[in-house]
Each structure stands twice: as structure tokens, then as C-alpha cells.
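A.B. asks: Residue numbers (the UniProt record's numbering), protein chains in the order written: chain A, 1 to 431; chain B, 1 to 431.
Treat the hints as calculated values from the structure; they're not laboratory data. Here a beta-carbon is modelled for each residue, glycine too, at the ideal position from N, C-alpha and C. Do not rely on the hints blindly, as some may be mistaken.
Okay, the calculated beta carbon distance ranges per label pair [claimed, not checked]: (1) Q110/B to P118/A: 23 to 31 Å; (2) P118/A to I270/B: 15 to 23 Å; (3) E73/B to R33/A: 25 to 33 Å.
Rough simulated footprint, nothing fancy, chain A against chain B, three-plus residues with beta-carbon under 8 Å [claimed, not checked]: (4) 24 to 38; (5) 376 to 384; (6) 423 to 431.
Protein chains: 2
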Amino acid sequence: MNDITQSSAATQVGDLSTMMQDLGKRAQLAARRMRAATGKAKADALRYMADALIEQKATLQAANELDLQAARERQIAPAMIERLALSDRALEIMTTGLRQIADMDDPVGQISASRTRPNGMRVAQMRVPLGVIGIIYESRPNVTIDAAALSLKSGNATILRGGSEAFHSNQALAQIISSSLERAGLPKEAVQVVPTTDRDAVGLLVTMNDYVDVIVPRGGKSLIQRLSTEATVPLIKHLDGNCHVYVDEFADLEKATRIVFNAKTYRYGICGTMETLLVHRNIAPAFLPEIARQLQEKGVELRGCEQTRALIANVAPATEEDWETEFAAAILAIRIVDSMDQAMDHIAQYSSEHTESIVTENLSLAERFQREVDSSSVMVNLPTCFADGFEYGLGAEIGISTNRLHARGPVGLEGLTTYKWVLHGNGQMRG
Amino acid sequence: MNDITQSSAATQVGDLSTMMQDLGKRAQLAARRMRAATGKAKADALRYMADALIEQKATLQAANELDLQAARERQIAPAMIERLALSDRALEIMTTGLRQIADMDDPVGQISASRTRPNGMRVAQMRVPLGVIGIIYESRPNVTIDAAALSLKSGNATILRGGSEAFHSNQALAQIISSSLERAGLPKEAVQVVPTTDRDAVGLLVTMNDYVDVIVPRGGKSLIQRLSTEATVPLIKHLDGNCHVYVDEFADLEKATRIVFNAKTYRYGICGTMETLLVHRNIAPAFLPEIARQLQEKGVELRGCEQTRALIANVAPATEEDWETEFAAAILAIRIVDSMDQAMDHIAQYSSEHTESIVTENLSLAERFQREVDSSSVMVNLPTCFADGFEYGLGAEIGISTNRLHARGPVGLEGLTTYKWVLHGNGQMRG
Chain A
1 MNDITQSSAA TQVGDLSTMM QDLGKRAQLA ARRMRAATGK AKADALRYMA DALIEQKATL
61 QAANELDLQA ARERQIAPAM IERLALSDRA LEIMTTGLRQ IADMDDPVGQ ISASRTRPNG
121 MRVAQMRVPL GVIGIIYESR PNVTIDAAAL SLKSGNATIL RGGSEAFHSN QALAQIISSS
181 LERAGLPKEA VQVVPTTDRD AVGLLVTMND YVDVIVPRGG KSLIQRLSTE ATVPLIKHLD
241 GNCHVYVDEF ADLEKATRIV FNAKTYRYGI CGTMETLLVH RNIAPAFLPE IARQLQEKGV
301 ELRGCEQTRA LIANVAPATE EDWETEFAAA ILAIRIVDSM DQAMDHIAQY SSEHTESIVT
361 ENLSLAERFQ REVDSSSVMV NLPTCFADGF EYGLGAEIGI STNRLHARGP VGLEGLTTYK
421 WVLHGNGQMR G
Chain B
1 MNDITQSSAA TQVGDLSTMM QDLGKRAQLA ARRMRAATGK AKADALRYMA DALIEQKATL
61 QAANELDLQA ARERQIAPAM IERLALSDRA LEIMTTGLRQ IADMDDPVGQ ISASRTRPNG
121 MRVAQMRVPL GVIGIIYESR PNVTIDAAAL SLKSGNATIL RGGSEAFHSN QALAQIISSS
181 LERAGLPKEA VQVVPTTDRD AVGLLVTMND YVDVIVPRGG KSLIQRLSTE ATVPLIKHLD
241 GNCHVYVDEF ADLEKATRIV FNAKTYRYGI CGTMETLLVH RNIAPAFLPE IARQLQEKGV
301 ELRGCEQTRA LIANVAPATE EDWETEFAAA ILAIRIVDSM DQAMDHIAQY SSEHTESIVT
361 ENLSLAERFQ REVDSSSVMV NLPTCFADGF EYGLGAEIGI STNRLHARGP VGLEGLTTYK
421 WVLHGNGQMR G
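Use the sequences and the hints to build the structure in full.
C.D. replies: What follows is the structure, encoded as C-alpha cells:
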């Protein structure tokens, strides 16, 4: 284990660049071997990892303690320290996750779109790994295991770059991953953890187009923004979750109240949380006072348009900036609209194209909304906070994408794969 | 019709930039309306275009004559001039293509991956247009119609930028497209042709990330290389078609001869043409002399490894550069290999990941080759020149992609779409 710590900021740029290139080359070679890996070998490696997390608990927790001590010395917030801890409970959850991913169907090699052409040639698509995936994330060490597991299951080689706060924990987890891969007969370079906390390594990783096929960033908005600017390798990412619920004039009020309350208060910090509520003017007088009371009682600050403020008390005026903002907090913007078209105009103007929902009992309006609103998830009679790979039945989630190309919305194993065309013939000739 | 011609190189950059931004904004608005377009309206527009090409033949051919005259004055090669001509025959082919695309199933709105979750929530994927597509191409004016038709059918708005040699023809075709869109009740800005030959317009188009979702370049390698460097908008593209046929020791020799001959000689200039032939050493003495005779008789220059040169006459030594080169000409590199693994190593090192083929009667070797070779198309007992959307049954082709993300291999209508998640519930709550 290469024990370069933060002092390595003094590493010469040339050395770091060589080290990252070497990681890239090894990943590329491993990716080629991983394409031929059987589903059994991959599942075995995941189960060995699960076993080793428990068997080597003491070693892991000792390495984790180094990170925890450093965090305490730097007086990091208790919530952050808790996220950093490899507690018995955290290790158990990671173990369960690994076994679940091991049990999932192997996406690689699946055949679709099969057809036979008039000349007898058979044409189909075969699902195959993407290649080399770079995953960049912040302090939680459990992401090291989750991300490694998803990349491995989908047959990719991965370069993981975790937060510097979890450096020792991640290096110890990397050892477990490597030895599990080898035990299953797979190349240990199929999962590599960047062995330095030098921040320049990130900039190098996201520009290694010769070796890295895609980058998945997992972390806060500032990380994603930085990577969006620097990266030349494609990113699977979302920047904002400015999500809307539109309560239509034909909504069932009881259902609408439940959906809106859940969409805002399930968790304030997740990307599927509703940030703006749009309400049809015909239903606003009957609907808004009660939901406002519930939300305010829960401690949610309301900011509204003039019409909203005329209907309910203690509502600050909403500004242009409020419509644009993902509050990620106990704040909700409310706007009364004249029609579904006005609601859709508002969404087209302000949404981050993440997740929107309509509450209505009118089927044709629901269908129009779902067809015309152009977000990665469009829901009917559901709270936006359902936007999540596990909730959608993907079995796992590497992240959520608001890209339009490749993978959109919650990204599971399939988003870490691509396809190739496979053709079978018998000496047919063209022309 | 804005009649700015090449003299517009003097246009001020600010003006050009404003003009391109305006095109982008209009395209984005049109894209929103196109998402709601019915399959019937789109098919109608395509049929109106087909009718108009015939009805307005005289106008079109008059505009085309301006381009042809300019080309003749610049003493452009006769083959190029032929490609530029909107002859009766060329217009007929375009008309047939339009009617075929009109008849195809509408990809937009198709539902897949549908499931019901334990809480009763229904989750599915809906196919939707990508948004705004920029298409950049060279002299052939028929591409204006093809590209407009595919983008329109898939519900996108398009900005087309054709070659300056076809400027007048493209502007006349643009008029027909606009009026057909309007007649079908669709926004005429759903297809816009850049109204200037100023080359800086291309650089602007490929960096308008706020307005353009994807760029499809159609043209020679120098165009693609230039765009790959400049573009910040994602490209659906391929750069090289350095394709391989591997004749295995278990090949049927008669079949192998037919396949190899077709793979090289069907057309020298298309991207699926075989550029390197790999032959298992055990079969080389029986196979190579006859196929070499046929190819040399056809005028194909052979360049081979030492072992090849020991077996057949008039073969120049193949250099490292030959293995790397897409000749796009009557030249073939030949290498004798010790095993399928060595053939796959050669392909991994030199291939452009476009199309490779194995000739063998051994099923397990065929399956291994198909699984482990990582190209956009991998064939068994077929010539690589079959790599084509029409041959694969896509009904149409906007291009071939060697990207790993989004669309791979021949790209049809589906490659110009993406999906969104659509969910139906009844007031379910999370947590």
C-alpha cells in the first residue's frame, strides 16, 4: 500500500502525472480481461469482499480510526464524522449491499434487438461493459465498496478517487477489494484506488481520455461544477435537482396534500425533493391553506407569488432567484398558475430537468404533462422524492443523470454498460 | 432566403455569433413544440417534402445550377460535380427516401422496461427526442433532405450546416422543408439551414452547449478531426474505420475467400472496408495464395508480414504504419498469426473499434471472438463491409458511431432519441 498522505502536495506534477497514467494503463489492460470475466467470477469476487469486510473488521477499523482522529483534530462537524465511521453497523450494511449486487443478473452478454435480415444474416445487440470508469466522491468510505461493486458487476475496470478525509479507510478497503478480485481469478487492477490525496490527481483523472471512458462524480454541487469545467472525459452526472410538483385543478385534494407534504419533507437534502410547488388557481383557495399549515407546522419556510401571499399568512415574497434555486433545505417556493400550460412554461424555464410531478385525476392532462415535460423523470400522482434507483427497481444506483445522452435519471448497472452489434452469417456478400 | 455567400467571410464575428445564437434559440423553442408533435403530423411533413421536391424541381435545379457553375469554374473533379448535382434521378431517390422514413414507426413515445413496484407504483421508460441536433456535412445536397427527415421523424429540431459548394441548392431545399413543416402544422424552425458559408459558423455551432444537445458530423476525416478538437457539444461520430477480418484455422476456405474478397473490394472508400487481413498460420499456405491471386488480379496492392511474403509473390513489407492505417484504397495489409489470441491482440492494438469479423466453423471460438473483441460491430462469417444501418435493418442511418456512450455502430432513428422515466402512482409516499 502506497502510503502517500496529504504531505504529498509537494509531489512533483510530472511524478503525479506518470502515476495517474500508469493507473490508467493498468485499468485499460484490466478492462480487457474483465470483458471476458464470467458472471460467476464477478459474483464470487463480490461475495469474497463481503466476507473479508467482516473477517478483517479489526484492520479496517484501525485504519478508519486514523481518519476519525484526524477529523476530530480538525474539529469537523459530528454529522460528517459519523458519515466517515466504519462502524460495525456500517460494515454490515456494506456487506448486505455486496451480497445483493452479487445476486443480481449479470447485465453483460445480454442480447436484444435480435432480427434476421432477408439475406439470412442475423443481427443483434450485445450488452458489454463501458470499459474504464473513474469515480470521484467525497468523504464516505462506504462509496468505495458500493462503487467498486457496481463497476465490477458491470464488467468494468474502475479508478476510484475518494475524499482525503477517508484516505486511510479507502486504502484499507482497496486491499480487501484487490485480494478478493485475485481470489476470484480476476485482475486486481480491475479496481484501483488512487494512492494519493493530492488534489491535482482529480484534474488528471478527468482528462485521461486515452484511458478513461467515463467519469461518475458523486458529491456536492461544487465538486460537480468543478469537474464539469475541467473534464474532457464524458461525465454521467446531475448538477441540480430543482424539482416541481404541479397540483392541477382536477387533483384529489387529500392525495395532493399527502404528495406535496412527502415531496418536501421526506428529506430536505436529497436531489428529488420538491423545491417549487405550482398550484392551479381554481383549486388554490381550497388546497393551499391546509398544506401551508402542515408545512409551516413542520418548520418549512414558504416563499410565494403575490396570489399565494393573498391566500396564506407568513409567506415571504418569492424572488426570481427562488424559482431558480435548489434550496436543499426546509424552504419551499409556491406559485399559483392559470393553467397547466403556464405550469409547464414555468417548468421549462426554471427546472433542472431532474424530476417533476403532476397531481391530477384527469388522465388526458396527465398524459400531456408526462409527454411534454422534458425532465429525466416525470411522475403522475407521486412525490418527486421517489426519484431513486432502488425505488425504481434498478437494484442499485451509481447516481442520477440529467444528461440527455446515454443514461438519464437514476443510473443502475445498465448505465455502466454499452452495447455492440453482433452479426452471424454464412458467407453472405454485400452488393 | 438570406443570400450571404462566401464573400461573407468579412462578416463581423459579433454579427455571426448573434445570428448563430438566434438560430439556437429558435431551434430550442421549436424542439419544445416538436416533443408534442404527433406521428401523423411528422409523417405528413415528410410526404409534403417528397411532393414538393418533384413539384418544385425547376426551382431546385435552377438553384443547383448556380452551385454547379461555380464548381465547374473552380475546375472541381467530375466525380465531385456529379455528387453535387440535383438531377432528376437524385431527386427521385430523395423522394423515395422521404416516403420510406414517413412510413416508419414513430420512435417517440414508445414505452419499455415497464414494471410495477411492490408499493403499486408503475415505472417505465418513454422514448423521447434528444432535443436540438446540429448536423455538419460536406458537399452532397441530398444530405440536407436525409438529415432533415431523420431528425424530424425522431421529433428533434435540427440546425443543418452543409458544404459551401452546395450553398444555393441547400437554401432552396431549406425553403421546401420550411413550407412542408408549416403545411403539416409543425414549427418551421424545426429544421433550419445555416444561411451563410462563413466557416466560423461551424466553430460556433459546435460550442453552443446552451442550445445544441448533440452534433452529428458527416464527412471526411479532416472534418471530424477538426470538430473533435473544437466541439464542446457531444459528437456522435467515428473517425476511422480500420477494420479487420481474421481467418481462423477452422475456416471454410471457400467461404473465407468469398468473405475476404467482398470485404476488401465491395467498395474501397467506405468505412466498413477491411484494411488488414489476419490469417491463422495453420491455414495460411492453403488459403493465402488463391485469395492473393484474386485480389491482385482485381488490382489490390498487398503489404504483408515476413511470413506472408514467404508464401506469396509481389507483396511489399508491411510497416507499423500500415497496421494503423485506414487505406480507403485498393491496398490490403496481411499478417499471419499463431493463434486467435494473437489476432485479438493485434486488433486490440490497432483497430479503430469500428468493425471486425472472424471466419470460422468453430462455434466456441466464434463466441469468444465476438465476446472479447471490443468493436462497435463484431461479425462471424461475414464481410466487414456489411457495417451499415440499412443492412442491419434500421431503415435509415444518420451515421456510424465508434463512441462508447449513447449510440454505437450504425445509428438509426433511435440514436437520435433518448428516454425519460415515466411513473404513475396513486398518492404513494416514500419512507
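A.B. asks: Compare the structure with each hint and give your call.
C.D. replies: The hints, checked one at a time:
Look at Q110/B against P118/A: about 24 Å separates their beta carbons, and that is inside 23 to 31 Å. Taken as a hint, the range 15 to 23 Å holds for the pair P118/A and I270/B, whose Cβ atoms sit roughly 21 Å apart. The hint said 25 to 33 Å for the Cβ distance between E73/B and R33/A, and at roughly 59 Å that hint is violated. Beta-carbon proximity to chain A at under 8 Å applies to 3 residues in the stretch 24 to 38 of chain B; the threshold of 3 is reached and the given coverage holds.
With 8 residues bearing a CB less than 8 Å from a CB of chain A, the stretch 376 to 384 of chain B meets the requirement of three and the coverage assertion stands. Here the stretch 423 to 431 of chain B counts 9 residues with a CB under 8 Å from a CB of chain A, which clears the bar of 3, and the coverage holds.
Consistency with the previously given hints fails for number 3 only.
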